[in-house]
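From just these sequences and the hints, can you work out the full model?
Number of protein chains: 2
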Amino acid sequence: MAGPLAGVRIVDVSEMVSGPLAVMVLAEQGASVVKVEPPKYGEGNRQLSNYRSGMAALFANCNHGKRSIGIDLKTEEGLELVRELVRGADVFVQNWRPGVAERLGVGEADLRTHNPDLIYASINGYGDDGPYANRRGFDPVFQALTGYADAQLNPEFPMPDLMRNAVVDKASSYTLAQGITAALFARERGAPGQHVRVSMLDAGLMFFWPDGMLRHTLVGDDVENYMVPGERYQLTPTADGHIVFWASSAEQMRATLRVVGRDDLADSPGQRGAAAIRDENQTERATAVRKGLANMTTEDAYQRMLDHDVPVAPILSQQQVLVDPQITHNGCVIEATHPVYGRYRRVRPAARFSETANQTTAPAALYAEHTDEILEELGVDDEARAGLRQRGVIP
Amino acid sequence: MAGPLAGVRIVDVSEMVSGPLAVMVLAEQGASVVKVEPPKYGEGNRQLSNYRSGMAALFANCNHGKRSIGIDLKTEEGLELVRELVRGADVFVQNWRPGVAERLGVGEADLRTHNPDLIYASINGYGDDGPYANRRGFDPVFQALTGYADAQLNPEFPMPDLMRNAVVDKASSYTLAQGITAALFARERGAPGQHVRVSMLDAGLMFFWPDGMLRHTLVGDDVENYMVPGERYQLTPTADGHIVFWASSAEQMRATLRVVGRDDLADSPGQRGAAAIRDENQTERATAVRKGLANMTTEDAYQRMLDHDVPVAPILSQQQVLVDPQITHNGCVIEATHPVYGRYRRVRPAARFSETANQTTAPAALYAEHTDEILEELGVDDEARAGLRQRGVIP
Chain E
1 MAGPLAGVRI VDVSEMVSGP LAVMVLAEQG ASVVKVEPPK YGEGNRQLSN YRSGMAALFA
61 NCNHGKRSIG IDLKTEEGLE LVRELVRGAD VFVQNWRPGV AERLGVGEAD LRTHNPDLIY
121 ASINGYGDDG PYANRRGFDP VFQALTGYAD AQLNPEFPMP DLMRNAVVDK ASSYTLAQGI
181 TAALFARERG APGQHVRVSM LDAGLMFFWP DGMLRHTLVG DDVENYMVPG ERYQLTPTAD
241 GHIVFWASSA EQMRATLRVV GRDDLADSPG QRGAAAIRDE NQTERATAVR KGLANMTTED
301 AYQRMLDHDV PVAPILSQQQ VLVDPQITHN GCVIEATHPV YGRYRRVRPA ARFSETANQT
361 TAPAALYAEH TDEILEELGV DDEARAGLRQ RGVIP
Chain R
1001 MAGPLAGVRI VDVSEMVSGP LAVMVLAEQG ASVVKVEPPK YGEGNRQLSN YRSGMAALFA
1061 NCNHGKRSIG IDLKTEEGLE LVRELVRGAD VFVQNWRPGV AERLGVGEAD LRTHNPDLIY
1121 ASINGYGDDG PYANRRGFDP VFQALTGYAD AQLNPEFPMP DLMRNAVVDK ASSYTLAQGI
1181 TAALFARERG APGQHVRVSM LDAGLMFFWP DGMLRHTLVG DDVENYMVPG ERYQLTPTAD
1241 GHIVFWASSA EQMRATLRVV GRDDLADSPG QRGAAAIRDE NQTERATAVR KGLANMTTED
1301 AYQRMLDHDV PVAPILSQQQ VLVDPQITHN GCVIEATHPV YGRYRRVRPA ARFSETANQT
1361 TAPAALYAEH TDEILEELGV DDEARAGLRQ RGVIP
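Read top to bottom, the protein sequences are chains E and R.
Just so you know, we're using the working numbering here: the first sequence kicks off at 1 and counts up by one.
Just so you know, we're using the working numbering here: the second sequence kicks off at 1001 and counts up by one.
Hints are computed from structural coordinates only; laboratory data are not their basis.
The C-beta atom is built at its ideal place from N, Cα and C for all residues, glycine as well.
Pulled a few chain E residues facing chain R out of the computed Cβ check, cut under 7 Å:
| id | residue |
| --- | --- |
| 1 | Y126 |
| 2 | A149 |
| 3 | K170 |
| 4 | A182 |
| 5 | L184 |
| 6 | G220 |
| 7 | G230 |
| 8 | E355 |
| 9 | T356 |
Some chain R residues well away from chain E (every beta-carbon gap over 12 Å; in silico):
| id | residue |
| --- | --- |
| 10 | P1038 |
| 11 | A1239 |
| 12 | D1264 |
| 13 | A1275 |
| 14 | K1291 |
| 15 | D1372 |
| 16 | V1380 |
| 17 | A1384 |
In structure tokens, the structure reads:
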């Protein structure tokens, strides 16, 4: 059976990560997506590194399940082709800076004249207006502006740092994917087509906030026991590497003492009841555990923590992630071979539907791969396509 | 006008972050949510620190817009109350370990007998079965298992580290929120009610993958120019702190040289065309920019980068985030006063809908605050409620 969004038609002119990844989430659930790419080389993400035979890794990871058409939007004929695609679509997605879509003739007002029920979806960096609206954005810039970098202090090296993956880009993608889906649902129940807007600044802050801004949630005095779990996220050295564990209950705290052979301390009155959370007893416990783990191998510590039902993991390298027994069991990673760009891996969508389970979608398309097929569906015949090609409207 | 999910009714028995935050996203879009909490103190998240007058900050941040009812699910009468809630609901959400819902009598099969069209949504740690299925999970454990910790190397201190916020919890929330919305859409178009499943392990890997696993996407030899942007996410020291910038185009790279007053180098042949990406020229440029920024204040460097249209930001402290001019302009942070727990802040949802814009939802409920109101809606009268209370079924 097809995915939950089977029958939904999307025209996607977005570039790089935030927009394309949002649309890929929907494509993986069965939406039919036409990706409109600019002339010559296609969208910016195709120009990146990690490249083989016409495919860049980051592009692939954000564009599975879409068909690609090359159109020069800056020609009147190209613009008319996009309008024609939009007439038959449910959703249009762009992620340019404010004003760009309007200048190109594909702003909301323009497209709504061609399709009144359209769901028009956009991501920009900072918002439609305001002091930063016209600035260029980039993931780490948003991390710096929304609290992540400030929070990313390693207690052992107390300086701010970045998260080394594009968390704000991706949070924006997920926010837009859900927003589009909600707008589709509302339209099904009678709401008009509408504009769903996400700015990366807003989405970055919204994603950070729930556990990141705990010190700024209850305002004023009398807040008891300030503690931000993230500030205590830390790796613990073992004899041959690091391990991560988290003992949240009193029982688990004592269990960590047993793991390192300190049953004497686990059974002591200082580690029981209210006494266990006194500063000096916490310090004694933490020191004993740290010292004990430093003398154990990661493997040994891991097994013993598991035996005591303490949440624990070794730090897997990316190679180890790919062959981890549970990740393999869950079928998270799909490996396949594309006739042109060869063997590749992709990740299976995490949301699994019991009744509308979608099949694995087509692999990321080569630039403009489906230009003829899509135009044929629009009724643009061989001769007309030859003319468009000659005039540089399509590649 | 109400949000896009107005009219959707959700019964939420989930705890801590992943489930509650997913449901809050839907509540903020107009879904009507009944949060069912266990007896005595309510769900686990209420017991945490950053607490004032019956409200914990993390609980508030995951539970705005829901009504709270206390029910002892382990009593037959309590279970029947939940069944009755489910009969009138569209969605049921739980995030227990595999098998727990079934033991409690609220597994999918149980509830479907009471509501055949129900969308049953669940989050667990590792999957329904497989080698780790019964382990306890915790956000940093998933970070370690899905590649984040391995990637989180600061080039200056090359050891793995964690992301200091619950990124896997939250990615799981967003994945489930979108999945539930897609299932609602599909049902509106004729699909049956179904089970939407997310495991944190899968969701963590899926969120990390697009830009995190670039080295493992195209498999085999002949991949050109391995480069993972995240590995180059780095703060640059200034005379009085740090700054983050990103020069992705050749023009922006030369602009960074002008920012530090090295127009001579910007105009040199080595920084133009293909020569600019030669290792020695990259190194020369990077060294000059780093040296120059070390002698400028953050404010000065920031302004000059902006003047040159290079994506840039200072590292804002959390206090500065709250008063940032663009964040203020966008109205991202809402401050209000609750009659019991006082002044608090919350974040405005990042997905903004032009036609079904929802109003700010009610603040996070006190434990069991709406027990009588909800039971009255179910037709449980004063006398019956008194009996339930006496028998310890409701608080």
